[in-house]
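Q: Residue strings, one per chain:
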Amino acid sequence: MHIIVCIKQIIDPEVPFHLFRIDPVAKRQIQGTHPLVISTYDEVAVEVALQLKEKVGGRVTALTLGKKEALQALHQTLAMGADDAILLSDLNFEEMDSFGKARVLAAAVRKIGEFDLILCGRQAGDVELGLVGPFLAGELGIPCVPLVANFEVANGTIRMRRPVETGYEILEAPFPLLATITNDTSNVPRYASVKGLRAAMRVPIPCWSSADLGLSADALGPKPLRIEIDELFIPHREMRCELIEGESGAEKARNLAARLKALGLIG
Amino acid sequence: MVHILTFCTASQPEIPRHPLELLAAARALSAQLGEGTVHTLCVGPASGAYGEELIHRGADRVLTVECPSVEAEIALAVVESAVRHLAPKVVLFPHDDLSGAYVGPCLAYRLETGIATDCGGFAVQGEDIRWLRPVYGGKAMAYMRIRGPVQLATMRSRAFDPLPADPTRRGEIQSFPADWESVRPQIRVVERLEEKEEGELPLDRAEIIVSGGRGIGSAEGFAVLRELARVLGAAIGGSRPAADLGWVPHSHLVGQTGKIVAPNLYIAVGISGAAQHIAGAGSSKTIVAINKDSDAPIFKLAHIGVVEEWEKVIPALIEACREWRS
Numbered sequence: 000m001h002i003i004v005c006i007k008q009i010i011d012p013e014v015p016f017h018l019f020r021i022d023p024v025a026k027r028q029i030q031g032t033h034p035l036v037i038s039t040y041d042e043v044a045v046e047v048a049l050q051l052k053e054k055v056g057g058r059v060t061a062l063t064l065g066k067k068e069a070l071q072a073l074h075q076t077l078a079m080g081a082d083d084a085i086l087l088s089d090l091n092f093e094e095m096d097s098f099g100k101a102r103v104l105a106a107a108v109r110k111i112g113e114f115d116l117i118l119c120g121r122q123a124g125d126v127e128l129g130l131v132g133p134f135l136a137g138e139l140g141i142p143c144v145p146l147v148a149n150f151e152v153a154n155g156t157i158r159m160r161r162p163v164e165t166g167y168e169i170l171e172a173p174f175p176l177l178a179t180i181t182n183d184t185s186n187v188p189r190y191a192s193v194k195g196l197r198a199a200m201r202v203p204i205p206c207w208s209s210a211d212l213g214l215s216a217d218a219l220g221p222k223p224l225r226i227e228i229d230e231l232f233i234p235h236r237e238m239r240c241e242l243i244e245g246e247s248g249a250e251k252a253r254n255l256a257a258r259l260k261a262l263g264l265i266g
Numbered sequence: 000m001v002h003i004l005t006f007c008t009a010s011q012p013e014i015p016r017h018p019l020e021l022l023a024a025a026r027a028l029s030a031q032l033g034e035g036t037v038h039t040l041c042v043g044p045a046s047g048a049y050g051e052e053l054i055h056r057g058a059d060r061v062l063t064v065e066c067p068s069v070e071a072e073i074a075l076a077v078v079e080s081a082v083r084h085l086a087p088k089v090v091l092f093p094h095d096d097l098s099g100a101y102v103g104p105c106l107a108y109r110l111e112t113g114i115a116t117d118c119g120g121f122a123v124q125g126e127d128i129r130w131l132r133p134v135y136g137g138k139a140m141a142y143m144r145i146r147g148p149v150q151l152a153t154m155r156s157r158a159f160d161p162l163p164a165d166p167t168r169r170g171e172i173q174s175f176p177a178d179w180e181s182v183r184p185q186i187r188v189v190e191r192l193e194e195k196e197e198g199e200l201p202l203d204r205a206e207i208i209v210s211g212g213r214g215i216g217s218a219e220g221f222a223v224l225r226e227l228a229r230v231l232g233a234a235i236g237g238s239r240p241a242a243d244l245g246w247v248p249h250s251h252l253v254g255q256t257g258k259i260v261a262p263n264l265y266i267a268v269g270i271s272g273a274a275q276h277i278a279g280a281g282s283s284k285t286i287v288a289i290n291k292d293s294d295a296p297i298f299k300l301a302h303i304g305v306v307e308e309w310e311k312v313i314p315a316l317i318e319a320c321r322e323w324r325s
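Read top to bottom, the protein sequences are chains E and C. The opening residue of the first sequence carries number 0 in numbering that gives the first Met the number 0; numbering runs sequentially from there. The opening residue of the second sequence carries number 0 in numbering that gives the first Met the number 0; numbering runs sequentially from there.
Only chain E is shown next, with the shape it has when bound in the complex (with noise of 0.2 Å):
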């Protein structure tokens, strides 16, 4: 079984409200000091690939479309467990929407060559639109199964577990596809160990270009983009916290009570 896993690098999205700045202009977060780390969903996804291959065996290949700074995201995947990683990276790269990038990212499947399966993580932690999974398989003509938290494997089939409000649904689809991935307790990200990162700077992380994939500018999409950012801004937040009073536990409580249903908000 050859995984294949999307990846991206963002800045750290634990970053506190009050430590958290925007470039208006650039319409991005600023990183300042701010450690860059795997998208919480993307990592939960590389989880998801390593438990699949120790259950069937086979290969998992980490892709991410980023800057240079995103060979660390893919060092991690690497002592995490994957087997290959490859960076897509190019100036032509970094001004495109979800259309472009799941182009981009369809070639180098294509480039790659055969696969049985794609994950990506439902949604990146900066922006959170949650297309580029849903238009990936779209590009490859695969399905998609969205919201899948884990793989079994019985008697010979691969089944998906997928989390919903009553419990789980089990699901079948025809391989190759594409699974979105969401998170749940069977798969909280593994840790990736000293050693293991060590070893896995020394693997050579091939870095694919606009060119190496076959793709000229106009073929990343038209401009103006179909999906853009106009105005980004931080909302003023003006509150004013209300304490309830009270000289023991109990009558904090009685008075929290009796505001609340002042409010109408209980009774």
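Per the computed footprint, the stretches of chain C lying under chain E, defined by three or more beta-carbons under 8 Å from a beta-carbon of chain E, are: (1) 111-120; (2) 138-145; (3) 173-187.
For the record, the hints were derived by calculation from the structure and aren't laboratory data. Just so you know, even glycine gets a beta-carbon here, dropped at the ideal spot from N, CA and C.
Put chain C on the given structure of chain E with help from the hints.
A: Using the frame of chain E, we list chain C on its own:
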């Protein structure tokens, strides 16, 4: 000319709230665009039964497709055929697992048109629509511009309140001739595993959510929160540490990597207020924080706060609420 089409699935006998919110959004959008009609495509076994209510809540015409179940690929095929046939300017979907993660994005790909997902609103200038949506886990907001033959948007739940039912509104209800029978779905659900605790209310339908974090300390502690939830008729939620520790099921995780909720009342107990959690609960109408640490970031977000150990507050709160009930 059809200006706005809203999408509604009809798989349960009672009409849910989300498609009614979409109609409120569609009416507001059509009023700002200064023209146009609002049609609703209603797909599923109960679609006929929903028709009248959808008209009373703002639809000018309801197109029903009475297929026996609303599988993703069938829904996609039906919406695609309706959009090609009706050529609306805008299609509004609920941002749920079906439309936000599958039907909306796949339709955008097929129609080679722009889409904005998880929108909370819009701004209109002339004919120009900009879609407002949270980014970076709700730490920033973006106005998106989307281009193409039709604008698609998936709308986050509770961003709009349904319009009051107006029984005097008139509109057409007709069957839409979509060929869903020839769709051969490739994705098949072969088994459904129920993993739900008896009587637990789903997060997205709750008016009140009682949510706990690492500060609760144990599964036994969560049993106390569940008792409060029962007394209030609330759903139970948890932060990521609480879900990862198994105190609440992952389906009740509130946060950037879980459910985004916006109930009337959100009671955060023993939750410090990490960015990841605030992304999921920050749009709640009223937030109450109960935490022993007065410096916890949750108090910057909360409307009402109680600085106290939760063990000293929650049992008395349950008691006070019980007294009113009896």
